[in-house]
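There are 2 protein chains.
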Amino acid sequence: MALQMFDKERTLQMRQKLIGQSCRLFFSHEPLKIVKARGQYLYDENGTQYLDCISNVQHVGHCHPSITKAATAQMELLNANSRFLHDNIVQYAERLANTLPQKLCVFYFVNSGSEANDLALRLARQYTQNKDVVVLNHAYHGHLTSLIDISPYKFWKLEGQKEWVHVVIALAPLPDTYRGLYREGHPNPGQAYADTVKNLIDEVQNRGRKISCFFVESLPSVGGHIILPPGYFPKVAEYIRAAGGVFVADEIQTGFGRVGSHFWAFQLQGEDFCPDIVTMGKPMGNGHPLACVVTTKEIAGTFTANGVEYFNTFGGNPVSCAIGLAVLDVIEKEDLRANAVRVGSQLKKLLKQLQAKHTIIGDVRGVGLFLGFELVKDRVALTPATEEAGLLVQRLKERHICLSTDGPWANVIKFKPPMCFSMEDAERVTEQIGFILQAITGHIKISLTIQLNVLY
Amino acid sequence: MALQMFDKERTLQMRQKLIGQSCRLFFSHEPLKIVKARGQYLYDENGTQYLDCISNVQHVGHCHPSITKAATAQMELLNANSRFLHDNIVQYAERLANTLPQKLCVFYFVNSGSEANDLALRLARQYTQNKDVVVLNHAYHGHLTSLIDISPYKFWKLEGQKEWVHVVIALAPLPDTYRGLYREGHPNPGQAYADTVKNLIDEVQNRGRKISCFFVESLPSVGGHIILPPGYFPKVAEYIRAAGGVFVADEIQTGFGRVGSHFWAFQLQGEDFCPDIVTMGKPMGNGHPLACVVTTKEIAGTFTANGVEYFNTFGGNPVSCAIGLAVLDVIEKEDLRANAVRVGSQLKKLLKQLQAKHTIIGDVRGVGLFLGFELVKDRVALTPATEEAGLLVQRLKERHICLSTDGPWANVIKFKPPMCFSMEDAERVTEQIGFILQAITGHIKISLTIQLNVLY
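Listed in order, the protein sequences are those of chains C and H.
Following full-length UniProt numbering, the numbering of the first sequence begins with 1 at its first residue and continues without gaps.
Following full-length UniProt numbering, the numbering of the second sequence begins with 1 at its first residue and continues without gaps.
Same shape as in the complex, but just chain C (with noise of 0.2 Å):
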């Protein structure tokens, strides 16, 4: 097979040309042309490697020969509706249904993580008869009509605020013990954080409003890469639940082990802790389009009892539900979530040693290979490195390391490689960003100076 039909001037004239711009590229100044990939590499259309440590999809590596021979196997047999019965739906059920309390046990198939959120919703509304919605700031839970109206992420840069929406910023952007109010030395900011939202929801209840649940990502992403403080969510699980809500966990970004020591991020916020709906996506088809939203019966029985079918056409096919089992036969033959526990927590030794070394470097937190690192220009003031940040990105691009930004300053640089990320990874990137961050720290006084001179 050929490994391009165009060359890249041509591919990118196209793209200009057919594709809708606001679907924007990685690198937009100098895009890269990706022909090829396995594992956590990816290979330009010179046969350049790049180490990916951002595909958080390509879960178990890209191209990963026993995902690509189950589909194929399936493909050839089957590939039909699921409105006929068919093994590979259940099985997929009753595997993922093992992963997670007992509570959790009905499962809807879909096609991506913002189907899902939007059948969350569907299902929170539909049980607790109340339309209204708890969200952290600069959540994000995806691109469709519904979706952006519960990001703040993105609806605050569109048409702003629903009356039905609340966003939890009282006092403090996210429950962040690194910036946030209530920090490292508090006693107990679970605790303090989970209050917050208990405020809010009297407050919105005062107005007469009634909310249908508080919708979250189990460890916020693209608000920069947060690990919530232990103790949140159960509390936060108990204030909404009495206010009459549900508790929506978003597992799009942090499901199927990326933390290592539990397959669902929402498990580190204690073995009791339970949400009533969780949703799943991104990683869970190894790029193929598979996704999923796992309830209680009860909530379940709600939905149905409307009478109304919901039936998704793609979603559950045998096909998505072969990838989805072999997805999860890799996580456990490689043993990649114990791979996750050891990579990252060398990786975040790694970065430590680095932040000994660089006061750029303000921050190292995360759990497994869910990791990021933050960038500030004082470690008192927290001032964000914009700008660092994205030469840094830069920078390792030019030795061909595939990173990002993330946060509400894009100062996060984050860490989400296929699960197969190795030890000499960490190493070759750790060492590539202690290069740079020398040479961008220099480079930036040096024109800082420059600027100076130009000014006065």
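Hints were generated in silico from the structure; no laboratory data involved.
These figures come from a predicted structure and were not determined experimentally.
Each hint can be trusted.
Calculated lysine to any residue pairs in the SDA-like style (CA-CA distance at most 25 Å, straight line):
hint, chain 1, residue 1, chain 2, residue 2
1, C, 69, H, 5
2, H, 397, H, 428
3, C, 162, C, 126
4, C, 297, H, 8
5, C, 162, H, 210
6, H, 210, H, 273
7, C, 69, H, 77
8, H, 131, C, 125
9, C, 36, C, 16
10, C, 157, H, 298
11, H, 103, H, 329
12, H, 377, H, 432
13, C, 297, C, 241
14, H, 131, C, 163
15, C, 157, H, 301
16, C, 8, H, 95
17, H, 69, H, 333
18, C, 297, H, 12
19, C, 297, H, 159
20, C, 297, C, 310
21, C, 210, H, 155
Please build the complex by placing chain H on the supplied structure of chain C, with the hints as guidance.
Frame of chain C, contents of chain H only:
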């Protein structure tokens, strides 16, 4: 590969336990377990063959080897997201552009018809800066929150009609020359039905509301396989544009040559007619989750100008586009549009012969392999023969043929088979329909007699 893991009873039990019951099964009292399929044939766990007259998604035939081959080759090579440059997405967009009017030239790739329709709504609203939507009665545009809002087929069973949704119901349920106000004898039903939309637009505007779009299936499907009268779309487009809105053609059920004579069903409305936005889905990936929105430069331009990225995680990935390209290749190489014309007209002819014998068949309609026939108790009053339609479908299943009903009274039998449907298949199914109608009309009379005996 084993064809089944659990026996049918166990699969059914697991399904009832693990999968949301809103996800319904075909023939729910005695569902089929399908383990294998090829072309237009399905096979159950005992190897029994069923003729598939309804799987429009498996457009070029179930498990077409060319599609599997293309998918496998690309899965082995790369399946990254569309933030990297890749040839497949631009090549595919170019190929699709060649099937469309020149004005429709900017593409957004997504994972399902529902995602496509939601994005179409966003595009229309962003461009027009208006919110309201005009739809036909009984329309269904998808399972997402935003689409249930514009689908009378669903919202009248759920939350009801929103103030920004306007349903064309004036004078008749649908612009249908069989059941509507303007029937076959009318000199210009297209104009007459378009005028009912005009009246609605006027009424809506008089109330100070602003219309973003007319959202319509090119051939209403769940509405009862309606063939819209000539001239209807151009006139409606004129009225909707004059009101500041755009025309969205939903081709999710009807695109990719199903109508035979044209690649898109909206083209049946004349060479000069061009919608402002077209959505496509179901048949596009032959079962793989793949869908798309295409629009004009102007509309795409305002969407870009809002400055907000549109990122669809799986949309337009190299595997999805490779599959889409392979589907286009098969449609061309196997000349499936010509087959749809040839077999479709033969099937229609055979159904019309049945109509001549069986008064219960009130109407036979359709184009290409988008066909339907309507059962009525009375050819003057057009009383829907709903029970008989259900029985016919049930009896056909017993004779190993899959068909189903549609329309507001579930009395329309719809044909949307894979496009490789053959002359022999057409003869087989019509012969069986003939036998069953003979028996059913007898049976119904007998059962009515028995009921009467019991009642009196």
